[in-house]
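**Student:** The primary structure of each chain is shown beneath.
Number of protein chains: 2
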Amino acid sequence: MREGNFVQVSNPHLSTIDEDFLYHFGLHSKHSNLEEKFGDVKFVFMGGSEGRITKFAAMAYAALKNDFNLDESCAQDNIAASAGRYVMYKVGPILTLNHGMGMASLSIALHEVVKLLHYARASDVEFIRIGTCGGVGVAAGTICVTRRGYTQRIEPYQPVTACGKTTNYNTDSDPSLCLKLVESAQKMDLPVRVGNTVGTDDFYEAQGRLDGTFCTISEVDKMNWLEELRRDHSIINFEMEAPLFLSFTRRANIPAAVICAAMLNRLNGDQITTPKDKMYEFIDNVLKLGIQYVKDRVAQDDQFTFEKIGN
Amino acid sequence: MREGNFVQVSNPHLSTIDEDFLYHFGLHSKHSNLEEKFGDVKFVFMGGSEGRITKFAAMAYAALKNDFNLDESCAQDNIAASAGRYVMYKVGPILTLNHGMGMASLSIALHEVVKLLHYARASDVEFIRIGTCGGVGVAAGTICVTRRGYTQRIEPYQPVTACGKTTNYNTDSDPSLCLKLVESAQKMDLPVRVGNTVGTDDFYEAQGRLDGTFCTISEVDKMNWLEELRRDHSIINFEMEAPLFLSFTRRANIPAAVICAAMLNRLNGDQITTPKDKMYEFIDNVLKLGIQYVKDRVAQDDQFTFEKIGN
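Line by line, the protein sequences give chains Y and D.
Take any residue in the first sequence, note its place counting from 1, add 253, and you have its number in the working numbering.
Take any residue in the second sequence, note its place counting from 1, add 253, and you have its number in the working numbering.
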């Protein structure tokens, strides 16, 4: 197996800690066999809800069980169960976990999963967020691939505060990974669009919705703003995680992408009236795209040759 | 029963919506019988993790079943199950739900629960967050009662962005509610402290921890900063929700408080090394305090007289 780029942390203090307790996963850096369990992870798939991740783990098992001689329990045993905060499954080269809603919850999961992969000596890992979003000028069902994340104040970077002081970080996704995902989507005949993504700290006011508890804007204000986002910033969708997901992984030198299914086109309204079975179909398309991408990589890339059965 | 202060929204557009779908709860404003199911709610208890809320619902059932002639299923039926995002239980006058971690996830839950209570015509409702926190100069196990929420940039207000423009809102808790909670804690011989709370968007860098994936500060930087927070701003704890919880409820004219158990004293370190059974004990104390407060209110306040059995 070729020597890869190990997942690195950027924190001189970690080497002085005897045992690092990944508190929100309930895992220990020394006593949880991280290298044995997670050393071969190549793909990390994250999404908001537990249910989506549990479904994705089952789909990954079905798709990879023969290539990797997997036991069905891998898609059922929640590795992070003891902490009660996230669900996490390891299916062959895939690690998949939910991150809850919003960048604070995501931030905790990212800190701890990157440390986990660092302690596990995992290498050549890619991160992909599989999410849902509100489209801006794109039809419900479109898979939106993020080129760059924007804050809710429409800034093309992610501010991170440490000890009260704020630094802004680059929020560009990995172009090569995004291109491969677009290609896979095209091959699968899935509707796909590339553009910029606004990640907000609120589903209602910050996204210019008129249907929250509070609303201080008019329908005209909203439509003008959405048009401005589309015209001046190439925004195609709203969600609540992309700027942090992309900036955090970039700081860690990990290629990353965000693919989200649009649940509605915000230019047509705020309420999500898409029928439930349609919503599931749209979300499933994102999950299927993730699986297809991994299958293509496993088939094409000789780094997997040595890990597959019989090789 | 006396006429109360109904839960109000501040959004002229809501009256133009035929049916409001509370998407992240999977409930409908017209077709989910909100008034019948939730019209008598007086206390909303929210916390981060599902497990804590499920436990709180069971404790509330045990404490109130006789007063309110409750069926055991009320503490087991997750009302928000169909949406797969939050857990929510209705136990007599108590509505309890989890909000995930961080202010974005909390924001969604707050928008939808305040709209829910508005549609249900609930009145005289109080909101209490039952959480965990890192103490600053307070011992592990102390129950911290928030006087005012601070942002991670140490600003004594909460910025809320609507259509890209930011407004700052007051983050003071309700003094009367806080005092009653302190009194109840004292009666129960629980260690309690009142002070200000920093609510961050990140558990690691924003709280000045040295054990995240990234760290750009030294031990001395951290200690100086924590001392400054304590000395200049009366900060007693860090968590990830207080400023939004308090400002949102204040905007909606709902009295609110935040009570959190300290899992550690950050002046002694960053890793949470408190034994698991001790952590559970500390968290249980916050839940017990919430229950005791409700029992005291139910016993003392004649607004409940008509709802109790036999009256």
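Hints were generated in silico from the structure; no laboratory data involved.
Be aware that a few hints might be false.
Because identical chains cannot be distinguished in the list, a pair is counted as satisfied if it fits within a single copy or across any two copies.
Stated by the list, open to error - In the EDC-like style, the derived pairs of lysine to aspartate or glutamate whose C-alpha atoms are separated by at most 16 Å in a straight line are:
id, residue 1, residue 2
1, Lys418, Asp320
2, Lys308, Glu325
3, Lys283, Glu272
As the structure is a computational prediction, the values presented were derived from the model and not from experiment.
**Student:** None of the hints should be skipped; say for each whether it holds.
**Tutor:** Here's how the hints hold up against the structure:
1. In this assembly of identical chains, the alpha carbons of Lys418 and Asp320 never lie at most 16 Å apart, being 48 Å within a copy and 51 Å across copies at closest.
2. With identical chains, the CA atoms of Lys308 and Glu325 are at most 16 Å apart within one copy only, with a shortest distance of 13 Å there and 31 Å across copies.
3. In this assembly of identical chains, Lys283 and Glu272 lie within 16 Å of each other by CA distance solely inside one copy; the values are 6 Å within and 53 Å between copies.
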